[in-house]
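Generate the whole structure from the sequences, applying the supplied hints.
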Amino acid sequence: MIKTRFAPSPTGFLHMGGARTALFSWLYARKHEGKFLLRIEDTDLQRSRQEYIEEILTSLKWLGIDWDEIVYQSQRFSLYQEYAQKLKQKGLAYEKEGAVFFKYNFNQIEVEDLIRGKIVFKELPKPEDVIIKSDGSPAYNFCCVIDDALLGITHVIRGEDHISNTPKQILLYKALEFDVPFFAHLPLILSPGGGRMSKRFGATAISEYRRQGYLPQALVNFLLLLGWSPGDNQEIFSLDLAQDRFELKDVNKSGAKFLLDKLDWLNAYYIKSASPQELLGPAREILEEAGVISEVSDEYLCRVIKLFQGRINRLSDLVEWAAFCFRDDVVYESDEKTRKILANKKKLEEIELLRQNISRVENFCATEIESAFRKTSEALEVKLKDLVHPVRIALTGRRIGPGLFETIEVLGKEKTLRRIENLLNYWRQNND
RNA sequence: GUCCCCAUCGUCUAGCCUGGUUAGGACAUAGGCCUUUCGAGCCUACGGCACCGGUUCAAAUCCGGUUGGGGACGCCA
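Final position of the first sequence in the working numbering is 432; the numbers increase by one with none missing.
Take these hints with a grain of salt, some might be off.
Distance condition first, Cα-Cα at most 20 Å in a straight line; then the derived SDA-like pairs of lysine to any residue [claimed, not checked]: (1) K118 <-> D250; (2) K415 <-> V296; (3) K306 <-> K415; (4) K345 <-> G397; (5) K3 <-> H155; (6) K103 <-> K174; (7) K253 <-> E288; (8) K340 <-> K385; (9) K126 <-> E95.
Derived by calculation from the structure, the hints in this document are not laboratory data.
Take a look at the structure:
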C-alpha cells in the first residue's frame with residue numbers, strides 16, 4: 001500500500017510552494033488508493049507556533065486536501081532518543097560538545113528519483129552531522145528518516161530543495177537498518193523575477209488568497225498546472241479529475257515562475273461557472289470584512305452575485321464594483337468620459353420621460369425594463385445608448401458595469417427611480 | 001568556493017524516452033466582431049526550441065561542452 005506524507009514546519013503559514021507539495025503528494029496517494037499522512041515538524045520549540053499549525057490545517061482543508069493521520073514530532077522525542085542510543089551502541093554515533101553526531105560513511109550514493117531519474121552524489125559537504133542537538137531535540141534529517149520509516153512512508157514527495165538531504169538520509173536509513181523509500185523531488189516555484197519566493201510574492205499565505213476572493217478550485221487548478229501536465233491540452237481540472245489523471249512521470253523537472261495572470265483567469269472561470277448560492281458564503285465574508293454590507297438577505301446578495309459573476313476575477317472585486325448595490329450614496333466618477341456624459345444637460349427632458357416610462361413598468365424585470373427604454377428611445381428618436389449611459393452613471397456612479405437592465409432589476413423600482421431623480425436634480429441645480 | 005538540479009513563445013506547458021511535426025495548447029498582449037458600457041463572449045494575429053560542436057540522409061528530440069538560471073552546504077526545517 002502506498003503511503004505519502006506532507007511535513008510542514010509550523011514556523012510560518014502555508015504558502016504556494018507548500019500547498020503544491022501537499023497537493024501532489026496527496027494526489028499520488030489518492031490516485032493509488034493509498035494513505036496520506038500529515039506530519040507536523042515542530043521540533044524547533046522556539047519558533048513553532050500553534051497559530052501556524054491551525055492556519056496550515058485550515059488552508060489544507062479549504063483546498064480540499066484531507067489526511068488519514070496526523071502526527072507531531074514534538075510528541076516523539078523519546079523515540080528519536082531511543083534510536084540515537086541504538087546508533088551509539090552500534091558505534092555509528094558519538095557524543096561531542098553535548099550533542100550526538102553521526103559520521104557519514106561515504107563513497108558514492110546513487111538516488112533513483114521518480115521525477116529526475118538517477119542522481120549521483122560523488123561527495124558530501126560535511127563528514128558528520130548532529131542528529132540530537134545539545135538540548136535533546138532531534139535534528140531534521142534524523143527524525144525525518146525515523147518517522148518516514150516508522151510511519152511506513154513508501155514515497156517521499158518533496159521539494160527540490162531537499163535533493164541534497166537525500167544522500168545523507170539514505171546513509172541514516174542504512175545505519176538504522178530501515179528500508180529506503182522512493183523519492184520524488186518536485187521543481188521549485190520561483191518568483192516572477194526568477195529567484196526565490198519572497199514575502200512580496202507567492203510566499204503569501206494561502207489564507208491570504210482566500211481573503212482576496214480566490215476560490216479553492218482555482219488555486220488547486222493553478223497549482224496543478226504549475227509543474228504538471230496531463231499531456232493533452234486539458235487545462236481545467238477538478239481535484240477528482242486530477243486524482244484520476246495524475247502521474248509522477250508527468251511532473252516536469254524545471255522550476256516554474258509564479259505569475260498571477262493565469263490564476264486570475266482560472267478564478268474568473270470558476271466564479272463564472274459557480275452557482276450564486278455556492279459563492280454566497282465566501283462573498284458575504286469578504287463584503288462584511290470590507291464593511292460594504294452588514295444586514296443583507298441571502299436572496300438579494302445572490303441576485304447581486306449573479307449580476308457580477310460573469311465579469312469579475314476575484315470575489316473581492318465585488319467590494320469596489322458592487323458597492324452601489326448596497327449603499328445609496330452614489331458618487332459619480334470624476335474621469336473625463338464620465339464628466340462628458342454628465343455635462344450633457346439637454347438630456348434632462350429625455351431622462352425625465354424615461355423615468356416616467358420606467359415608473360409605469362408593472363412587472364419589474366429586465367425584459368420589461370428594456371422595452372421601456374426602447375419605447376422611450378423610439379419616441380424621442382434618440383439612440384438607446386444615449387439613454388443607457390447617463391442612467392448607468394445615475395445608478396452606479398460609473399460608466400462601466402453589468403448589463404443595465406439586469407442591474408435595474410436587481411436594484412428594484414424604488415431605488416432606480418430615486419437615483420434617476422437625483423441625477424435630474426443634479427442637472428437642474430447645475431443649470432447655469 | 002564545493003556539490004546537485006534545470007534549460008521549448010513574455011508566462012505555464014505539449015512534443016524529447018522510441019530522431020523526419022506547418023513545433024501544438026492555455027494565459028498575457030494587439031487587432032477585429034458583437035453589444036447598452038466593459039476588465040465578459042467570439043474570431044484573428046504576434047511570439048519559442050539559450051549557444052557551440054558531434055552522431056545521422058535527417059536533431060527541439062541522442063552525445064559532449066559553453067553559457068544562463070535555480071537549489072544545498074545551520075545544534076532551521
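Any of the earlier hints contradicted here, and which numbers? Structure breaks hint 7 only.
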